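Novice: Chain by chain, the residues run as shown.
Number of protein chains: 4
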Amino acid sequence: MIAILKPGTTPAQMQHLVDWLKHMNLDVHISKGTEVTVLGLIGDTSRVDMDLLKSLDMVESVKRVSEPYKQANRKFHPKDTIVQAGDVRIGGGYFAMIAGPCSVESEEQIIAVARAVKESGANILRGGAFKPRTSPYAFQGMNGEGIRLLLEAKKATGLPIVTEIMNITALDMFADVDIIQVGARNMQNFDLLKELGKTQKPILLKRGLANTLQELLMSAEYIMSEGNEQVILCERGIRTFETATRNTLDLSAVSVLHKLTHLPVVVDPSHATGKADLVAPMAYAATAAGADGIMIEVHNNPACALCDGAQSLTPHQFDEVCHKVRKIREAIV
Amino acid sequence: MIAILKPGTTPAQMQHLVDWLKHMNLDVHISKGTEVTVLGLIGDTSRVDMDLLKSLDMVESVKRVSEPYKQANRKFHPKDTIVQAGDVRIGGGYFAMIAGPCSVESEEQIIAVARAVKESGANILRGGAFKPRTSPYAFQGMNGEGIRLLLEAKKATGLPIVTEIMNITALDMFADVDIIQVGARNMQNFDLLKELGKTQKPILLKRGLANTLQELLMSAEYIMSEGNEQVILCERGIRTFETATRNTLDLSAVSVLHKLTHLPVVVDPSHATGKADLVAPMAYAATAAGADGIMIEVHNNPACALCDGAQSLTPHQFDEVCHKVRKIREAIV
Amino acid sequence: MIAILKPGTTPAQMQHLVDWLKHMNLDVHISKGTEVTVLGLIGDTSRVDMDLLKSLDMVESVKRVSEPYKQANRKFHPKDTIVQAGDVRIGGGYFAMIAGPCSVESEEQIIAVARAVKESGANILRGGAFKPRTSPYAFQGMNGEGIRLLLEAKKATGLPIVTEIMNITALDMFADVDIIQVGARNMQNFDLLKELGKTQKPILLKRGLANTLQELLMSAEYIMSEGNEQVILCERGIRTFETATRNTLDLSAVSVLHKLTHLPVVVDPSHATGKADLVAPMAYAATAAGADGIMIEVHNNPACALCDGAQSLTPHQFDEVCHKVRKIREAIV
Amino acid sequence: MIAILKPGTTPAQMQHLVDWLKHMNLDVHISKGTEVTVLGLIGDTSRVDMDLLKSLDMVESVKRVSEPYKQANRKFHPKDTIVQAGDVRIGGGYFAMIAGPCSVESEEQIIAVARAVKESGANILRGGAFKPRTSPYAFQGMNGEGIRLLLEAKKATGLPIVTEIMNITALDMFADVDIIQVGARNMQNFDLLKELGKTQKPILLKRGLANTLQELLMSAEYIMSEGNEQVILCERGIRTFETATRNTLDLSAVSVLHKLTHLPVVVDPSHATGKADLVAPMAYAATAAGADGIMIEVHNNPACALCDGAQSLTPHQFDEVCHKVRKIREAIV
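Residue numbers (this note's numbering), protein chains in the order written: chain A, 1 to 333; chain B, 1 to 333; chain C, 1 to 333; chain D, 1 to 333.
Chain A extracted, bound-state conformation:
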């Protein structure tokens, strides 16, 4: 970490800062220039609060040289992490085709969709049981019963399942769930992340609507620092000024994350765009960008879904997406 001091800093002020930094077990290398003085902080700077340092009167600016995340950092783990969910692998060349309805609605629905998407090539089933809704008056999901139905669909098809947790007190219900999803709104619910870090379940961690990639990695670090290294990152669109799409899908995130971390990166084009006719092109684009998986909403009757239905593909549309995704994966090898 490098801190650049303002021109007028007195020797006493600087000494005060240096003492404080040394107190945090850092070595400080001082380099005086004609205009400014630069402090190089050497040691474990992950505990240093950059915002505090920046806000000090004498400090012009602060720059991290090493990333504040360690376990998620590719520098220290050059090899791709391969996450295992049931007998499906994700990352390191293994591709996750995750599909299913936005919400679980009935046993017939979830089993029918599960069979359809499996036939097209999906290898993981998704479905919402606990639903984070902006309005307290909107349908909040089937909760525990939804998870039970997902497990029925898993039994019927053999597909491992992924579903979202909203509250750590519900963890017991996730005992047989293969991958636990943390939604965008909970990406910085640090207490939840810590508790999930104490399980050995794969965690699918969605990027928050207004979170940087570094913050996403810091949230992964919360999980990993508690001992759980099975983290899958998920890009699902960020909030911008553009209103033509629900969110702006940031596909450069895929490449940037692949450079910074060894964790697998999947993309959710359904939630990012909010429109069924944008899902396929964005799924192709995500695949071409090198994603380790795609997460797509599929419904057996889009027009009637209780929730988010029309951003869902029909099984027939999903079948074509799977076909082209395979061809694009071959094209970019």
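No lab work stands behind these hints: they were computed from the structure.
It should be emphasised that the depicted structure is a prediction, and the values quoted were computed from it without experimental measurement.
Glycine is no exception: its CB is placed at the ideal position from the N, C-alpha and C atoms.
Among the clues, some could well be false.
Said to hold, decoys possible - Pair ranges (Cβ atoms, derived): (1) A/R148 with C/K75: 45 to 53 Å; (2) A/G158 with C/P78: 44 to 52 Å; (3) B/E320 with D/D27: 42 to 50 Å; (4) D/D27 with A/H16: 26 to 34 Å; (5) A/G86 with C/K32: 54 to 62 Å; (6) B/H29 with C/P78: 27 to 35 Å.
Start from chain A and add chains B, C and D according to the hints.
Specialist: Here is chains B, C and D on its own, set in the frame of chain A:
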């Protein structure tokens, strides 16, 4: 709610949609124009999922006519809500001057700061016990011990206290806390909001970094719909492209919220700007914009704070801020 | 266009508004509901100032039903526009592979790059002569001499050329340029757009850093309304809070634009990302998303470029990009 | 300027970079740490292209130590610049109360408004003659005739006038205009800025919708580097995800700019918010934040304005704003 249908919609498709809407206990008023057909949905549309409706193929766009929040809505409660915390009132002409350190660090510190800010004119004491930190390696607060020390400072000064909750399982520790704060990162932690709605404690709800004012009001609605109407809204800066300040303080939020809701609105210039020398001008601006209160970090020794210290004012600086805030309040009467 | 009036609007106020709208040659269809009154404006609403209407006290909100652009609108021109530059076609299935250095630096450089990219498969040569630079002290391009050198490269290779105009007074120098580029910073330089609309040159119009897709189409409309229908749209990244990339490439723009307009859409991954190692994956993603072309910076000696060099690919890297882009185009047919 | 090199950089690569930097007349101070190597660039770094440097493979990141603007920089000109327009002064304690209609519509209108605002306390008259409109079909202003009418109003009241230029070819018409405005969309129309730098007219430079404060200062630098030091900066709202207001007024910009530059800073709450009822509170907030002036739309008949009318105040409302602004200015002394 108004839904505009695309030109090519068939009568059968439209009927399908109308049936589905009627199934949700809505009356549908159909108005056919030369170019488009407009559906007017009449009844309780707060349960209608706008995103779903928008995502339907036949739907060009959807527009809410009435707001999706009811209890927070000024239309139905024209009179300002006055929140009561201890013997302090907030809203409806009563001004909250909330001050204190970012983190509680020791009994001496918190009592000294409490006494100093009270003398300058603060009427509520703030201080962090549970700290949401981006990094798992950063100082996470004194937790329960922090709350105990805040209560000591309350006893010593008579000031009611406000402190942040991060996890509903910690609620018992907040029994004697006067105002429970929900941080920006938890603004859409809906399970937490619902549980807080079951208490009768005043809740200070901070706007999320990338949340619209309507979403803030929907989160207030989560609390209120469970029976707790003592909600204070807090603007604390939003995330934008600008990097000169930590966040961009959105002061028009004060006026917009005052039109939309009867709940009091306070402003936190310390977290928004992240720099001590911006706190005073933004506190003045927030007061002039009509805020019902200001929330400021004050520390007895800024340079040495463990956390966020240098965005804090000294008691001396805070004294001047209080003085000018009073004068500005008189100027805008 | 639909205007929703606030509950308290008096009949006299409404009549005043209706008269004003009729004065603008619009028919007004009034629909009174229990809660609100909805005005349907029928006729040519493209002249109606939505911001004005929205800002009126009695107006709750305004919603366009028909788009404010006509000539760029696919509804009125369902068939893809194919732009012709030299003997190269763009759009409607024809793919533009545009490549070249950021800035023209010398005759040797531009001819060498032109030859290299042509061999790899580029069909249009790009190169900056007039350079918009944030700093007045930075290299501002070779100007007229740069254009002369581009024309030499065109003569040597047969490739049509595209280069940026910054000021309408320089138009004479662009007489032999095949495609005139309007940069992101000039996307709403309306006087420039109007003048370019009076030429018959193909115009490559880059999306502004913070402009919506509708605003991009309105800028295209400025050009087209003067008689020039040869407009190519270019997505090159938008400004967001994320700092890991220079801008955030918005690839859903490709699909959204293809629905809204008949004009071809190309993508510039070099400027969007600002890093050479992100250019290839984003070029693949753009192709998979259905772009009508890609615009890539290629340099014969990246490390030494005077300007933007290191976001440029080497000819060798570009060769691989061309190869994979062709394979992806086959995969998504 | 400081450049941090990536761990794997070879001595040869580094030497290559150092040579290139020295070639630009910079001294390079090399500081090798255990993890990284830091290059300190000493000399006139304002010509160094940060984006280029950042994009080099071997470079981890780049940090400016000194600002890239010189003439606008308070470090080199600690004293406030006072801009003189007619016999009105702006900055350094002198306050500009700029008011007038969005568009000039007729002689009666502009003279009536000018007289009204002068009586309330305005000291500068504003009015649009050339109007930048998103749509080519919208009213584009009265152009030269509009300027003539403004000059009539100036003659009638003695108020100096400010109006927007959109195209350098129109400069002759601005001969008797006191302050030339550059609109937000032209903030980075560098050719226009350079030409205005060759005049000796005060320039009111509006911040672009998505431009950082540093970019605003660089645009001021374009004007100043050509010899014109009479620049007034104007904050008028930035583009964010929030849709409750037209733009988000960034009032911390006032304080940040006052620290970075000696140029006066005025605020335009009318365009920022787009709603008349937000103009007054934001005018008060801007004043309390320390702005050197306020720019407000005032119209004699808001409901009938051709353009932006309803974000305009009536003369009566403006009168109250002037009164409270004066009281707030006294309160913050």
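Novice: A separate judgement is required for each hint: does it hold in the structure or not?
Specialist: So, going through the hints one by one against the coordinates:
At about 48 Å, the CB distance of A/R148 to C/K75 agrees with the hint of 45 to 53 Å. The hint said 44 to 52 Å for the Cβ distance between A/G158 and C/P78, and at roughly 46 Å that hint holds. The hinted range of 42 to 50 Å is satisfied by B/E320 and D/D27, whose Cβ atoms lie roughly 44 Å apart. In this structure the hint that D/D27 and A/H16 lie 26 to 34 Å apart at CB holds, the actual value being about 30 Å.
A C-beta distance of roughly 59 Å is found between A/G86 and C/K32, which places it inside the suggested range of 54 to 62 Å. As the Cβ distance of B/H29 to C/P78 is approximately 32 Å, the hint placing it in 27 to 35 Å holds.
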